[in-house]
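Please build the complex by placing chain X on the supplied structure of chain E, with the hints as guidance.
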Amino acid sequence: MKDFILPTRMANGDIDMGTPRSKSTNMVTLKIDGFDVTVPEGTSVMRASAEAGIQVPKLCASDNLEAFGSCRLCVVEIEGRRGTPASCTTPVGEGMIVKTQSSKVKKIRKGVMELYISDHPLDCLTCAANGDCELQDMAGMVGLRDVRYEAVANHFEARNSSGDVNTQFIPKDDSNPYFTYDPAKCIVCSRCVRACEEVQGTFALTITGTGFDSRVSAGAGGDDFMSSDCVSCGACVQACPTATLQEKSVIEMGTPERSVITTCAYCGVGCSFKAELNGDELVRMTPYKHGEANRGHSCVKGRFAWGYANHSDRILDPMIRDKITDPWREVSWDEAISYTATKLRDLQSKHGVKSIGGITSSRCTNEETYLVQKMIRSTFGNNNTDTCARVCHSPTGYGLKTTFGTSAGTQNFDSVEETDVVIIIGANPTDGHPVFASRLKKRLRAGAKLIVIDPRRTDIVKSAHIEAQHHLPLLPGTNVAVLSSIAHVIVTEGLMDEEFIRTRCNWDEFAHYAEFISDLRHSPEATAMLTGVDAQELRAAAKLFATGGNGSIYYGLGVTEHSQGSTTVMAIANLAMMTGNLGKNGVGVNPLRGQNNVQGACDMGSFPHELPGYRHVSDDATREVFEAIWGTTIDPEPGLRIPNMLDAAVDGTFKGIYIQGEDILQSDPDTKHVQAGLAAMECVIVHDLFLNETANYAHVFLPGSTFLEKDGTFTNAERRINRVRKVMAPKNGYADWEVTMLLANAMNSGWTYTHPSQIMDEIAATTPGFANVNYEMLETRGSVQWPCNDDNPDGSPIMHVDGFARGKGQFIITEYVATDEKTGPRFPLLLTTGRILSQYNVGAQTRRTENSVWHEEDLLEIHPHDAEVRGIRDGQYVRLASRAGETQLKAQITDRVSTGVVYTTFHHPDTQANVITTDYSDWATNCPEYKVTAVQVALSNGPSEWQEDYNAQAEQSRRILPAAE
Amino acid sequence: MSPDKINRMINQIATFFETQPDADKAGCVADHLKEFWEPRMLEQLADHMKSGGDGLSPLAHEGSQRVLDMPA
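If you're matching them up, the sequences are chains E and X in order. In terms of the working numbering, the first sequence has 20 at position 20, counting the first letter as 1, and numbering is strictly consecutive. In terms of the working numbering, the second sequence has 61 at position 61, counting the first letter as 1, and numbering is strictly consecutive.
Take the hints with a grain of salt, since some may be wrong.
[What the hints assert, rightly or not] Listed next, with one range per pair, are the computed distances between beta-carbon atoms:
| id | chain 1 | residue 1 | chain 2 | residue 2 | range |
| --- | --- | --- | --- | --- | --- |
| 1 | X | Gly-55 | E | Glu-418 | 44 to 54 Å |
| 2 | X | Glu-43 | E | Thr-894 | 17 to 27 Å |
| 3 | X | Thr-19 | E | Arg-958 | 42 to 52 Å |
| 4 | X | Glu-43 | E | Glu-499 | 48 to 58 Å |
| 5 | X | Pro-71 | E | Lys-890 | 49 to 59 Å |
| 6 | E | Leu-316 | X | Glu-43 | 22 to 32 Å |
| 7 | X | Pro-39 | E | Asn-951 | 38 to 48 Å |
| 8 | E | Ser-227 | X | Gly-55 | 49 to 59 Å |
| 9 | E | Glu-335 | X | Pro-39 | 29 to 39 Å |
| 10 | E | Met-27 | X | Thr-19 | 50 to 60 Å |
| 11 | X | Thr-19 | E | Glu-66 | 49 to 59 Å |
[Unchecked claim] Here are the simulated SDA-like cross-link-like pairs (lysine to any residue), alpha carbons at most 25 Å apart as the crow flies:
| id | chain 1 | residue 1 | chain 2 | residue 2 |
| --- | --- | --- | --- | --- |
| 12 | X | Lys-34 | E | Gly-352 |
| 13 | X | Lys-34 | E | Arg-81 |
| 14 | X | Lys-34 | E | Val-817 |
| 15 | E | Lys-31 | E | Glu-79 |
| 16 | X | Lys-25 | E | Lys-31 |
| 17 | X | Lys-5 | E | Ala-676 |
| 18 | E | Lys-672 | E | Asp-910 |
| 19 | E | Lys-99 | E | Arg-81 |
If you are wondering where the hints come from, they were derived from the structure by calculation, not from laboratory data. Computed from a prediction, not measured in an experiment: that's the story for all the values here. Where is the CB? At the ideal position from N, CA and C, for every residue including glycine.
Pulled out of the complex, with its shape left as it was, chain E reads as follows:
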C-alpha cells in the first residue's frame, strides 16, 4: 500500500504537486489507479495522485497557486461520478476510486493539447525554453503526434499567409531589464496573473478580453511591464509554463544544467534560492520552494540582481599604498598580507595593544564573522570589534535581552499565516523585506487586520486589495509616546491578558508599570499634541490590537534608529506581554533585520562587550571556554563601538582598523565625522568586493568574495541558520574566511581550518544555543532555528513557549523623552530616511545591476505644501541642509509624507544622505539617530561644496597604478 508520502527533497525538490498542501488533520483514504493513498481532507485529487507518485498532466495548475481548472488537461474519471472532472479542482473523498489514465481521458487530453499546439509557434529548437517547457513536456506526455488544425486565426504570426498584418499578434515586450514577455507563446493559463495576485500580491497583471481575444496584460491599456505596477519579483516568470515570460539571462546563455541550493545575500528575510548554472557560469537564481523563510517566493534583488558578482568594477587583486593620497599599487596576496600584519603589529608596539580593531560584516557568513571577532579578541588581543548592527538593530539586542532574556525575534515567518492583527511600526516591508511583505499581504487579504505606525504612508498602508484599518502617521521621534499611549488605552480599559501576566511575568512589577502607564500624561489625548496622531484613531487601534485575536508586532529601523531606540523596543515587548501575544503561532515581537546576516553577526560575538552567544566579556566562565580552545587570553574589559572607534581615532589613540564587507563612510551617520576618524588612522584595511567609499581612506585593499564563491551559513531575522553554498571558485582567489585566516596567521595565530564546517564545529562547541548545529545536520534538515541544543534538538521556531529565556518577562517603564535634535527657525523640517525596493543598503551591489533603472538617484520626498512655500517644483534640484552638513538632490513632491516631514534614501554616494544626519544616538547602545534630523530645504544652484570636494577626493583616491611587469 502506498501511504501518505511527504514530498521528497530529491532533485532539489522540484516536483510540482499541482495544488497547495491541505492543512487539515483529518485524513482521507482513496484509491488512485489501484493504489491506496491517504491524504489530508481538502487535498485535490491531483495532489493526492502526486503524493502517490502519479503525475496527472497539467498546464494551469501549480502547487503554489490555488486550483483554477482552466486547461482541462488534468481530467480524470471517478467511479460513480458522471463526466470527467478536473483533478485540480476536485477534492478527495473517502473511498473514492480514481482512474487517471482511462481511454476516455487520454482522448480528451490529446484533443486539448492539439488545440493548444495549433495556436503555438513550433520553433522549439530555437526557443529559450527548449528543454524547460511544460507545454513541450505535456505534448510528449499525452502522446500528441499530429495537429489537424490549420492556424488560420492565430496569435503567433506577425502576418498571415497573404502578407496582411495579423491584428492578434502582439510583439515581444522587453521593457523589463531581466525578462521578456512574448505574447506569441502565451497559452493564457493565467498562472502569471494568479502568481502576481496570490504569491506576490501586487495585482499588476490581468487577462484582458474574452475567448480568443484573451491576453495577459501588464497594467492598464498602453502599459508595458516597466510602466505597470510590476515589481519584478519574478513570480510570474517562475509560474510561466512556456517561454512567454522568460529570463533574459536564459535567452542569452541557454538553459542551466545544474543547480545548487543557497541563501540570498540581500535582506534579513534570508530567502533560499537555487543557483542554476552551466559549468561555473551562473544562468539564473530561482526561489527554492522548500526554503522555509520564503516558501518559493523572491524579490527583484535576490531573483535578478546578482550581476554585480561579475561587474567590471570588482577588484580581484590586493592593493596597498602608504598614504591615501597615493594611487593604489597592485601586489601579490603574500605581499599584501605581510605588509598589513607588519603595519598592525607596528601600530600596537607604538600605540598599545588597544590601538587597533575591526568591523565584522553582516553580509558575510557566520563562520567569517566568528573568525574576524576571534582574530580581534585573540590575535589583536583586545575587544575592539563591532558590526553594522551597531547602526541598525543594537537596540533590539539590548531591549529584548532586558525584557525577554534573548536578543532575537520570537517567531518564524510562517507564524504570519496565523496572525489576526498586525502592528507594523517603523518598517516598510514591501520595500525593505519584500518576500515577507508578500506573505503578510496574503494573510491580510484573508482577513487579518493591520495597524501601521509610520510617518509616511508606505505602500502597505494602502495598495491593491490591502488597506490598513489604522494608519498612525506620527512625527519622527515620538515612537515611545505613541506606544505608551497604546499601552495606556489597553491598561486603563482593562484589555490586558491578566492570566498571561500573572503566570509569565512578575505581577508586582506589572502593577507598578500599570500605575505608571495609567497616568493621564500617557493618554492619547495628551500625547496627540506632540505625536501628531489622532487620539480616537489611536484608541481604536489599541483596542483592535488587544481584542482582535492573535496580535503580532513587526518592526524595523524606524524603531531602533532613535535616541530612544532601546526604550521603543522595550515598549513593544511590554505591549506583547500585556496582551499575552507571545509563545505561540501568529503572535510575537518580530524585528525585521536589515542585512542578510545581521542576526548571525550579533550571535557570533561581533559586539565589543559580548562573546559569541551574547555573554559579557567580563564573565570569567565564558572567557575560559574560549581561552581553552583559542589558547590565548581574552581582555575582560569591553572594547570600542564603531562611533567610539572614530572618536578615539580623532583623539589619536586608535590607529588601525580591519573592515570586512562594510562601507561605514557611506552607511554611518555624520559622514564628516567618519571621514575625520578614518583620515586620522594610519592603517585602514578594507576587505570588500569594490572600492567602496570607505576605501577612499584605506591603505590596504583586500579583494572579497561573493556569496556565490564560498561555503558557510547565514542566520536570518527568524534565527534560521541556512547554508550558503559555493557554486563557483572565488574570482579573487580566496573566500573571505581564508583571507581573515591569512592575516591572522601572518600575525602568528597558527589557525588550521580547511573548511567552514570546522569553524561551525568550534562555534557549536563554545556557544550553547548552537550546540547541536553542524553541517551534516543542515544537509539533512535544510535549515534550523536557534537555539538548537539538547533542550531543543529540532531548533526553536517559536521562542518563550513555556517561559521566558530570562524566567519571568520584565515590564519596563518607558517614559517618553524628546530627542535633542529639534526643529527651529533655521532647520524647520524633520528628515527621516529609509530604503527602496530595487536598491539595497549603500547600493554597492544593486547599483552595479540593472536595478538602477527603477531608482537611479536618491530623491527627497516633500509634501506639496512644504514645497510650495519654498517655490520647489517636482524634479528640481534642492539643497538639503542640517547642522551637520548639506547636500543636493532632486525633489519629489508627494503627500506620502506629512507636512513638516521630508524623506530620502541613502543608496547613492553622490547624494550621501548621511552627510546630513547627526551624531546623536540611542541612549543604551549608541545606535545612531538616523531617523530624525532637523533640516532646511531650498532651491539649489548646484552640488554643495562638500559634494564637489568629496567627489574630487574620491576620484583622486581611486587611482590604480598599472601592475609592475
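Only chain X this time, still in chain E's reference frame:
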C-alpha cells in the same frame, strides 16, 4: 571625545534610569557604563570628573563617580 559628548551620552543614560523603579539608580548608571564603555572612554570620563564634571545631571554625576570608584 568632547566633554559635551560625554555629558550628552551619560545624561541620556541617567534620564532612562531616573524613570526606573530601581532603588539604586546611580548604581544602574554605573553598571551600564561598566558594561558598555571601553576603559579609555572611562579615563576620559575620569578627566572630565576631575575638572568638575560640569554639564552632567545629578544622577549622571553620581553614576559617573560610582563607575570610576569600581575596582578595575
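Hint check results:
no.	hint	in the structure
1	X:Gly-55 with E:Glu-418: 44 to 54 Å	holds (51 Å)
2	X:Glu-43 with E:Thr-894: 17 to 27 Å	violated (49 Å)
3	X:Thr-19 with E:Arg-958: 42 to 52 Å	holds (49 Å)
4	X:Glu-43 with E:Glu-499: 48 to 58 Å	holds (51 Å)
5	X:Pro-71 with E:Lys-890: 49 to 59 Å	holds (58 Å)
6	E:Leu-316 with X:Glu-43: 22 to 32 Å	violated (43 Å)
7	X:Pro-39 with E:Asn-951: 38 to 48 Å	holds (39 Å)
8	E:Ser-227 with X:Gly-55: 49 to 59 Å	holds (57 Å)
9	E:Glu-335 with X:Pro-39: 29 to 39 Å	holds (35 Å)
10	E:Met-27 with X:Thr-19: 50 to 60 Å	holds (56 Å)
11	X:Thr-19 with E:Glu-66: 49 to 59 Å	holds (52 Å)
12	X:Lys-34 with E:Gly-352	holds (21 Å)
13	X:Lys-34 with E:Arg-81	violated (78 Å)
14	X:Lys-34 with E:Val-817	holds (24 Å)
15	E:Lys-31 with E:Glu-79	holds (10 Å)
16	X:Lys-25 with E:Lys-31	violated (72 Å)
17	X:Lys-5 with E:Ala-676	holds (16 Å)
18	E:Lys-672 with E:Asp-910	holds (15 Å)
19	E:Lys-99 with E:Arg-81	holds (12 Å)
Checked against the numbered hints given earlier, the structure breaks hints 2, 6, 13 and 16 and satisfies all the rest.
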